[in-house]
Structures are given as C-alpha cells and as structure tokens.
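Listed below are the residues making up each chain.
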Amino acid sequence: MYFSPSLRFSDEEEKDEEQPDSNDPEKVFQNIQFQKEIIANIRSRPWPMAHKLKALRQAKEIVLKYEGRLTRTRGYQAAGADLLKKVSRVFYNVIVLFIPWEVRIKKIESHFGSGVASYFIFLRWLFGINLVLTAMTGAFVVLPELLAGAPYGSTKSKTVPEEQLSSAQDLDTIWSLGGYLQYSVLFYGYYGSVRKIGSVGYRLPLAYFLVGVAVHIYFDCQTFVRMAKNSRLSLVSASDENYTFCWRVFCAWDYLIGNHEAAESKGAAIVNSIREAIVEEQEKKKQTSLLRVLANVLVLLSLAGSIYIIYFVVDRSQRLEQEKQELTLWEKNEVSVVVSLITMIAPSAFELVAQLEMYHPRTCLRFQLARVLVLYLGNLYSLIIALLDKVNSMNSSPAAVANWSDSSAFLATIVLPGEENQSTITPKVSEWQNGTYSPTMEAVRTPGVTPFSTNKNISPEFSIRPLQDQCWETYVGQEMLKLSVIDMIFTVASILLIDFFRGLFVRYVSDCWCWDLESKFPEYGEFKIAENVLHLIYNQGMIWMGTFFSPCLPAFNMLKLIGLMYLRSWAVLTCDVPHQQVFRASRSNNFYLAMLLFMLFLCMLPTVFAIVRYRPSQHCGPFSGQEKIYDIIPETIAADFPLWLSAVLSYVTSPVVVLPALLLLFMLIYYLQSIARSLKFTNNQLRIQLQTASQVNLAGGEERVEEENKVIDQETSTFSSASNLNNSVTNCKSPEHRGHSIATITRSALHKDISQTARVLWGGQTQIAQKHRKEYKPNRCDM
Amino acid sequence: MGSRASTLLREEEIEEIKKETGFSHSQITRLYSRFTSLDKGENGTLSREDFQRIPELAINPLGDRIINAFFPEGEDQVNFRGFMRTLAHFRPIEDNEKNKDPSGTEPLNSRTNKLLFAFRLYDLDRDDKISRDELLQVLRMMVGVNISDEQLGSIADRTIQEADQNGDNSISFNEFIKVLEKVDVEQKMSIRFLH
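Note that the protein sequences, when read in sequence, are chains G and C. Residue 428 in my numbering is what sits at position 428 of the first sequence, and the numbering runs on without skipping anything. Residue 1163 in my numbering is what sits at position 163 of the second sequence, and the numbering runs on without skipping anything.
Derived by calculation from the structure, the hints in this document are not laboratory data. In this text, a Cβ means the ideal position worked out from N, Cα and C, and glycines have one as well. Heads up, a few of these hints could be off.
FRET-style restraints, in silico, Cβ to Cβ [what the hints assert, rightly or not]:
{"#": "1", "chain 1": "C", "residue 1": "Ser-1024", "chain 2": "G", "residue 2": "Thr-692", "range": "39 to 49 Å"}
{"#": "2", "chain 1": "G", "residue 1": "Arg-74", "chain 2": "C", "residue 2": "Ser-1024", "range": "11 to 21 Å"}
{"#": "3", "chain 1": "C", "residue 1": "Met-1141", "chain 2": "G", "residue 2": "Leu-298", "range": "18 to 28 Å"}
{"#": "4", "chain 1": "G", "residue 1": "Ala-81", "chain 2": "C", "residue 2": "Glu-1013", "range": "24 to 34 Å"}
{"#": "5", "chain 1": "G", "residue 1": "Ala-594", "chain 2": "C", "residue 2": "Leu-1124", "range": "43 to 53 Å"}
{"#": "6", "chain 1": "G", "residue 1": "Leu-298", "chain 2": "C", "residue 2": "Gly-1153", "range": "51 to 61 Å"}
{"#": "7", "chain 1": "G", "residue 1": "Trp-515", "chain 2": "C", "residue 2": "Arg-1048", "range": "22 to 32 Å"}
{"#": "8", "chain 1": "G", "residue 1": "Pro-100", "chain 2": "C", "residue 2": "Glu-1011", "range": "24 to 34 Å"}
{"#": "9", "chain 1": "C", "residue 1": "Ser-1024", "chain 2": "G", "residue 2": "Leu-56", "range": "17 to 27 Å"}
Some residues of chain G that are not near chain C, with every Cβ distance over 12 Å (derived) [claimed, not checked]:
{"#": "10", "residue": "Cys-246"}
{"#": "11", "residue": "Gln-282"}
{"#": "12", "residue": "Val-313"}
{"#": "13", "residue": "Leu-387"}
{"#": "14", "residue": "Leu-593"}
{"#": "15", "residue": "Leu-659"}
{"#": "16", "residue": "Ala-676"}
I would like the entire structure built from these sequences, with the hints used as guidance.
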C-alpha cells in the first residue's frame, strides 16, 4: 500500500507506517521512490503549511528508515537504468537523422512502392561501400604518395613530357585524360617504386598491392554479410503468410502519425500494398503461352546483334589506330559512344519484347535483369578483350626495347642540335603481326626531327614515342575512367531526354496533338527498375576493374553516385508515374546482391589476368622493375621478416599443403550444406504440425492438442538450439481460458521478434490505441 | 500543472479509480492532467470536438469510431471516470499480474479485453460478427477513392476467406482473436508511461 498523505491527519498515518511490507523489497523500493517524489513536489501542493511540514517530516523518516535496508546502489541502479533508457532513446532519434537520404527514400517508397525504393536503397548501400573504398585507397595509397613521395616533376614518370606540354591544357587532352591528369595521383604511373618512402619508411608498393587485394575482400565480405542478413529476414517473413490480407486490413495503419503529409504517404503506401496483394492473387491464375518462345528468340537475336556490333566497332577502331595518325574526336570516342548507345537502347527493346510474354511482374523483372545482364557482360568483355590486346602490344614492346636498351639509353641522352627542349626518343613497336616484326612509322610531335643518321643501330623507320608513354597500367586506368565519365554523361542525358523532356512534351503538347499522348504512346515514363539496378552493378564492375590501376576511381565513383542519387530521385518524383502493375519486390534483395557478386567475380578476372600475365611497366608505377606484380609479397617477406617465416610460408603454399586444405574445405562445405538442408526440412515439418495443431484445437479437442504439443515440444527442444528460427518454436501452455488457442507463442521471449516480424510484414501497428502516445507527452513537469 | 488539478481530484476518487481500473496513483494523476489539458471548456467533461483536436486521432481513418468508444450510449460528454474506464483497456500488462488472480474476473486490460475493444470498433451493429459490409466500410475509409469497388470487394472477400473458419461468411470474435494471435497486441495497445 502506498502511503498517501491526505487532508485528514490522524493516527491512521502512524498505522500505515508500521505495515509489514518489508518482505517485498520491490514494494519498499517503490514506496521510497514515492516518498521521494512527495518530498520533491511538496512545494506545489495546495495544503496548509502545517500539513506540509508534517508530511515532509514523515516522508523523510520513512525514507531514512527504509532506505538503509535496501542498499543505496539499488536506487542508483534503477536511476541509472532509467537514464540509460532516456539517453539511448534520444541517441536513436538523433542517429536516424544521420542516415543519408532517408526522408527522400521514404517519400519515394510511399508513392512508388517498394520495388522502386529498393533501387535507391541499393544505391545508398553502394555509396557506403564506395565511401569505405575511397577511404582505404585514399589513406593508404594516395595520401602517402602525395605527402611523402617524390613530387611532381622529379622523375620522368611524373612529368608531362616536353612535347606534350604545349597541348597539355587543351580540352582535347583533358578529355582523353592526358596531360596533367595523366601524370597525377589519378593513375598508376605516378606512384614511385621506391621501396620505402618518407621518414617512417612507408612501404608504398606493398601497400598498393595489399590495398588492391583488400578492396576486393572487403567488398566480398560486405556482400556476403548483407546476403546472410537478408536471407534470415526473408526466412522469418516467408513462413507466416497465413493472414496477409487480414493483417493488411486490421493492422496497416501507423497510429503514431500525426502529420498530415505523413498520413498521406502512409495512405499511399497502404494503397500500394493492397494493389500488390491484388496482383499476387491474380497471378496465380495465369497460364503459359506460345508467344514466349518467340520472345526468347527475338531477345537472343538482339543480344547476338549487339555483341557483333561492338566487336565490329572495336575492330574498326583498332584498324583506324594503326592506319591513321590523327584521329578525329568521333573516332577516338567511337567505341565508348557506341557501347553507351547500345546500353541505352537495347533494354527498352527487351522490355517491348517482354510484353509478349505476360509473366508475373516479378518474373518479368528477373528475366529482364538476366537479359540486360548478358548484354552488359557482352559489352564489357568485348571492351576488355580489345583493351587486353592493346596492353599486350604495349607490354611486349619493352621486350624489344630490352634488346636495344643500350641504344635507347643512348638515344635518350641525345640532344638534338638547335632545339631548346630535349626530346627523348624511344622506338615504338607496334603490333606484332604474324610473328614477324614490322615496324610502322609514326609521326613525332616534336618539331624538326631529323633522321637519326647519328645512330646506326636503329633504322629511321622506327616510330618514336616518349618513354613515359609505355605505361600500360596507366592506359588501362585511363580507359576505365573514360568509360566511367562517358557513362555518366550518357546517363544524365538519358534521364533528361527520356524522362524529363518526354514528360514535358506529353504534358504540354498533348492538348494539341492528334491522339491522347498521356494514355497512348509515348505516355509518361515509368521508373525502369531492372535496367537501373543493372546499370549500377555494371558501373560498380567498371570500378573494380579499374581500381587497381587508378586509385582515385572509387572517389570519382562516390561523387558519381551522389549525383546519380539526387538526379534520379528528382526525376522519379517529377517525371515518372507509378507503375500500372505493382508488385512487392522481395525485401531481401538477395537477387541484386547475387548478381553483384557475379559481376564482381567476372570483373575481377581480367584484372587478375592482367596482373598475373603481364610484366609491370619498366619505367612507371610502384612495381616497375619486377618480373610480376605480385612479386612484391615474397620479396617483402624475404627482406623484412625473419628467415623462418619465409621458409614456413613456402611450405604452406606448396601443393602438399594447399591440396589437402582445399579438400578439407570442400568437405566442410558439403557438411554445412547437408545440415542446412535437414534443418529446413525440420522447419517445414514443424510448420505443418503447427497448422494441424491449431486446426485440431479449434475443433475442440484439448487433450489431443496436449499430445500434439508434447510432440512438438520434444522436436523443438532438440532443434531449437541449432536453428535461429525461434519464431516458429511453440511453447506449451496450459489453456488459460476456454476458447483460447493453445499454440500461442510465448510473449516474453519473442516479443521483439514478433514485433519485428510484424513490422517487416506490414509495416504498421493496430489502428487503435494511438492516443496513448499523447497521454504522457506533455506531462513531464507535473507531479 | 498548477494547483487546479489536485484540488479537483480528491483522494477518494483516486482510490476508487485505482480499484476499478488498476492504474497506479501516479498514473492516474498524470492522466488527469492530460484530461484537463484536453478539456478546453473547463467544465470537467470532454466533448467530441476536444478529442478531434488530437492530430493523430483526427488523421486516423478510424478516428471517429475510436472517439465514439469513449462516450457511453447516446451521450455527448464524458467525465473523467468514463475517460478512465475506457483507458483502462490500455493499461500496460505487468508481468506479476498475470498469475495473480485466475479465479476472479478478468481485468479490463487483459489481452482478450483489448482485442474485444478493437473488435467492437469494427463491429458497428454489435452482433458479434464483422460482416462483409462492415469490412468494406473500413477498407473504404483506409484507401479513400484510389481503388475501385470490385477490387475492394474482392479484398474483403479474400480477408473473410482467410479468417473465417465456421463458414458463416463473417468474422466472429474468436476468429478475430485467431487472426491476431501473432500480433503483439499487449504492447501495441498499451499506454507507455515514462518515468
């Protein structure tokens, strides 16, 4: 009983004090808290002064008397726990503000559905990853080079060569990333190969290599972690699909909404989710059609056609490069432009074809994704093959140079008479054709080059290019960056053209046009989820390919993603209409992540191939002078670590150890797979038993249900520890009231899970009981 | 706060309300402050307009029905006792209460009674069944004019199909309980008192 002071003073109060409540420490504690509250608020009570004084004295006595029994720490503990709760609540409220673009994405989600929002969530996640990559490359590679490496102009590989200096600031040069951009930290060629730089002896080449590896590993880990988390979520939500409609009807509203705009968004979200449910229902009644075969044939044809076009264009550009000296702007960028055009147009063509098929929208989306993925891969790989060709040719020339190394050194020191600037001359060896060497002549840009009659070793037919240009890694980095830039330009152009101007056109011209532009062709644009997601993945693939050769590429990509986010979210809200057909994108998004991993793997291959196969350039980059790029690792181990370590490592990496380890790994994978399979099976069994148990219960047989539950209980006790699917574990409770179903889930242990499940499923709470929030809000200062 | 609140609420009243609803002393006093702050007319009772002034209730699709639940049959004013009686449904369930009193009547804030409160919001004609028409009304209030009638009708049919077990084409209270058995009703339909 609480001691409640009242107007009437009598011995009753004395009696109250003596009540034996000391056997319940909880009650005593609460009593003490109550008394303390009285002491704190005694001033504001409208009692006569004598009353107040007496109440105060009594309260203080009680507190003194009983507080000694409970230790002080109990009070502090409770106070501490309260404070912690408040602080963490404030903290979480503040943290939400820092999630970038959250408001924007929620708005898009409520207007356009979860499918469109999943694209933006994916974009945000990619942005986060790129941020980390930028931080990694920036901190470990770029900054040390900037701070402690040799500055610009100190070595040959870091200076713009003389003959290019005059044109170094031309727009043309900047566009093709030559000139000052080429000789900067942007590209591989700038980094010095000095083993240790700066006063601390920072091993830059080692760091360069390790960061390149770490970037890939980090990305792999992140993707896997996210996939695992998503699959756990999807497993939870997948099992409880019994009452989806009822939940949508009864529990969809979020009763905490008080803002008018938020209410509109929520209403739109509910409408969307109901539409999605309708579509899901209707889809179960569709049949297959013959048109699908025709559609597939068309798609295959167009894919083959696009790959051929790209191959043709790349081939043509290679031939052009051999034949002509000066390439026009178009010819230089022809390949990139054609590739971008194809990637813009072909997906729309696929979509038109897909209308023949009439699949469920989600299946349709997946098909579209698969087709566009093949298209992108074809493009990317033809580009890569061309690139590797070029790299091969560039790389093999140093071998020729080696034969003439003396002469090239000799040539390098020649100062042509009558010229102010030095020019270094190196024979440029062009394509090896049919195994025979046929040099071609290339005009040199330096003025007034006379035939080198001074040097007898080299025939004047050698084409001449500066030593620095022999950096194939820089070239690869340049190409990747160029591709990325052109891709961005085309994206912006396509967004503006296809969405914005189309919207304007349809809106303003449709009044004076022959047919209704808004309902027939061209209509307003719809947000194409498939192509945009794939575009993101393709973009990321380019980054991976190029990061090793151009360490600033993740930074550039980060900026690109920010721009893309703002541009696309503006475009979607301004120019697009919600899809006519709405479907619930699987919230797990594991499909996107799986494709991302696939792309990562495929894009890693060429880089690894280039690293393993080709010799690093002789005269530029951190690995110049080595046989292979990865030689830096054994060299470091041999030089900087104790001897026994390198012996141990050489044993470990020998086939004797590696093969059994691989075998062990395979066995482990197989074992884990079989466990997962058996657990899934048990999960299904449990679910079936749950359903039959609840049905039996409703029929009224309590004893039978008890037995069923005993069986369930046994099985679950065996497996509940092994699986993380605690949501489906039933707990036996004896029936509290007649008519209550027995197979309820225990409240205490699974509160959080259920409410999480609830939120995942239908994102809202019951419609009623929202007023209690208001109850306590303004009442912090009273009492 | 002011002295107004305490003088109008006497201790005996607090005790009675405590017995009837189960709220604690401090909770009752807090709720009384809330009551008086809502009561703009300062006559000790709340009218429907006072409730409409709460934005969350005004925006809620079922707001009117919730407000109605406070007022006894045919009346337009509710005093503090009536207010507390309705709010008793939303008292949080404490752990030590669950095992205390199996023999006596169920407290007003048990899970069943909370669900009954919710059920009565849908079941307007009080026949202990949510019929298809009542569902349609609720759906229409939620989605506005964005969805056509046949589609809404098919959703209502589907909903009843999911929940109905005895085949009478309507949702009875027991079926309602079954539908919401995985929903965390005790926490959602409870006032959260912060200390």
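Here is how each hint holds up against the structure:
no.	hint	verdict
1	Ser-1024(C) - Thr-692(G): 39 to 49 Å	holds, 44 Å
2	Arg-74(G) - Ser-1024(C): 11 to 21 Å	holds, 20 Å
3	Met-1141(C) - Leu-298(G): 18 to 28 Å	violated, 47 Å
4	Ala-81(G) - Glu-1013(C): 24 to 34 Å	holds, 33 Å
5	Ala-594(G) - Leu-1124(C): 43 to 53 Å	holds, 50 Å
6	Leu-298(G) - Gly-1153(C): 51 to 61 Å	violated, 40 Å
7	Trp-515(G) - Arg-1048(C): 22 to 32 Å	violated, 52 Å
8	Pro-100(G) - Glu-1011(C): 24 to 34 Å	violated, 54 Å
9	Ser-1024(C) - Leu-56(G): 17 to 27 Å	holds, 22 Å
10	Cys-246	violated, 5 Å
11	Gln-282	violated, 9 Å
12	Val-313	holds, 49 Å
13	Leu-387	holds, 52 Å
14	Leu-593	holds, 29 Å
15	Leu-659	holds, 51 Å
16	Ala-676	holds, 25 Å
Checked against the numbered hints listed earlier, the structure breaks hints 3, 6, 7, 8, 10, 11; every other hint is satisfied.
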